[in-house]
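Going down the list, the protein sequences come from chains G and E.
For the first sequence, our numbering gives the first residue as 713, with consecutive numbering after it.
For the second sequence, our numbering gives the first residue as 29, with consecutive numbering after it.
Don't read these hints as lab results, they were simulated from the structure.
Please read all numbers here as calculations on a predicted model, not as lab measurements.
Some hints here could point you the wrong way.
As the list claims (entries may be wrong) - Within a straight-line C-alpha distance of at most 20 Å, the following computed DMTMM-like cross-link-like pairs (lysine to aspartate or glutamate) qualify:
1. G:K778 to E:D52
2. G:K730 to G:D718
3. G:K736 to E:D100
4. G:K821 to G:D809
5. G:K736 to G:D809
6. G:K778 to G:E843
7. E:K110 to E:D100
8. G:K778 to G:D852
9. G:K778 to E:D100
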Amino acid sequence: MSATLDAPRTPLRPARKKGVNWEKWGWIYMRVSGVVLVVLIFGHLFMNLIVGDGVSAIDFAFVGGKWADPFWQWWDVAMLWLALIHGGNGMRTLVNDYARGPKFRAALKLAILAAVAILILLGTLVVFTFEPCPIGQPADLLPSFCAA
Amino acid sequence: MWSWVLHRITGVAIFFFLLVHILDTALVRVSPEAYNAVIGTYQTPIMGLGEVALVGAIVFHAFNGLRIILIDFWSKGTRYQKAMFYVVIALWVITMLGFTPRHLINVFSH
Numbered sequence: 713m714s715a716t717l718d719a720p721r722t723p724l725r726p727a728r729k730k731g732v733n734w735e736k737w738g739w740i741y742m743r744v745s746g747v748v749l750v751v752l753i754f755g756h757l758f759m760n761l762i763v764g765d766g767v768s769a770i771d772f773a774f775v776g777g778k779w780a781d782p783f784w785q786w787w788d789v790a791m792l793w794l795a796l797i798h799g800g801n802g803m804r805t806l807v808n809d810y811a812r813g814p815k816f817r818a819a820l821k822l823a824i825l826a827a828v829a830i831l832i833l834l835g836t837l838v839v840f841t842f843e844p845c846p847i848g849q850p851a852d853l854l855p856s857f858c859a860a
Numbered sequence: 029m030w031s032w033v034l035h036r037i038t039g040v041a042i043f044f045f046l047l048v049h050i051l052d053t054a055l056v057r058v059s060p061e062a063y064n065a066v067i068g069t070y071q072t073p074i075m076g077l078g079e080v081a082l083v084g085a086i087v088f089h090a091f092n093g094l095r096i097i098l099i100d101f102w103s104k105g106t107r108y109q110k111a112m113f114y115v116v117i118a119l120w121v122i123t124m125l126g127f128t129p130r131h132l133i134n135v136f137s138h
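Whole structure, please, built from the sequences with the hints as guidance.
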């Protein structure tokens with residue numbers, strides 16, 4: 713009995729010759745989004761962990777104050793979309809490398825896709841439907857501009 | 029090889045943190061009390077140390093990701109990949125020396 717081993721990095725199936733080369737666009741996406749995410753996430757960490765009292769100052773009023781400005785709403789939504797798709801595609805790469813069995817691989821990729829899609833939808837809705845001054849809430853929990 | 033291993037490990041860790049972080053932030057849509065109660069658990073000393081680890085993972089993934097881009101697109105990238113890995117480590121140390129004391133003061137003095 714003889715066992716055969718595939719050459720290292722042998723693709724599961726030959727690359728498609730026609731149509732959109734999704735693997736190439738995924739590869740490009742990781743690099744383009746990566747550069748943008750370095751700026752967005754370093755800015756996010758600087759504003760939330762370094763400036764002022766850092767993490768100890770984060771509460772509902774802090775978030776309300778930030779999202780009162782469309783600039784930070786769009787900053788955070790851009791981060792949300794770019795990071796989740798970047799992370800989801802990275803996790804897909806790991807599933808392709810390590811997960812054995814076609815059904816298990818398909819299940820893991822479906823779970824990644826579902827998590828990414830649901831959280832993009834949830835996060836986008838939260839940022840744009842957020843109410844910084846909800847009625848009937850104690851004023852000391854709200855941003856200071858709610859009192860005006 | 030270790031840059032590759034670390035890039036994968038930090039990537040997975042950041043991904044799972046991101047899932048939790050979006051869910052906890054979504055609590056601002058529930059009520060101020062709900063958000064403040066959950067975010068308060070991030071402001072404990074143990075989580076403060078966890079945030080140092082998280083930022084360490086993000087900073088490594090960021091700098092090493094830029095190194096990967098340089099290896100791919102810079103004509104001399106492959107020749108200097110090892111030197112660039114040492115630059116990544118040096119920049120990581122410098123960044124963490126700047127971040128860690130500042131952050132731990134914020135965590136432990138409040």
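Evaluation of the provided hints:
Straight-line distance between C-alpha atoms of K778 of chain G and D52 of chain E comes to about 16 Å, which keeps the hinted pair within the 20 Å bound. A hinted pair counts as satisfied when its Cα atoms are at most 20 Å apart, and K730 of chain G with D718 of chain G does not qualify at roughly 25 Å. Simply put, K736 of chain G and D100 of chain E have alpha-carbon atoms about 13 Å apart, close enough for the 20 Å limit, and the pair holds. Between K821 of chain G and D809 of chain G the alpha-carbon distance is near 12 Å, which keeps this suggested pair within the 20 Å criterion.
A distance of roughly 17 Å separates the Cα atoms of K736 of chain G and D809 of chain G; the hinted pair therefore holds under the 20 Å criterion. Using a Cα cut-off of 20 Å, the hinted pair K778 of chain G and E843 of chain G holds, with the two alpha carbons roughly 12 Å apart. For the suggested pair K110 of chain E and D100 of chain E, the alpha carbons sit about 14 Å apart, so the restraint of at most 20 Å is met. Between K778 of chain G and D852 of chain G the alpha-carbon distance is near 17 Å, which keeps this suggested pair within the 20 Å criterion.
Under the criterion of a C-alpha separation no larger than 20 Å, the hint pairing K778 of chain G with D100 of chain E is inconsistent with the structure, at around 37 Å.
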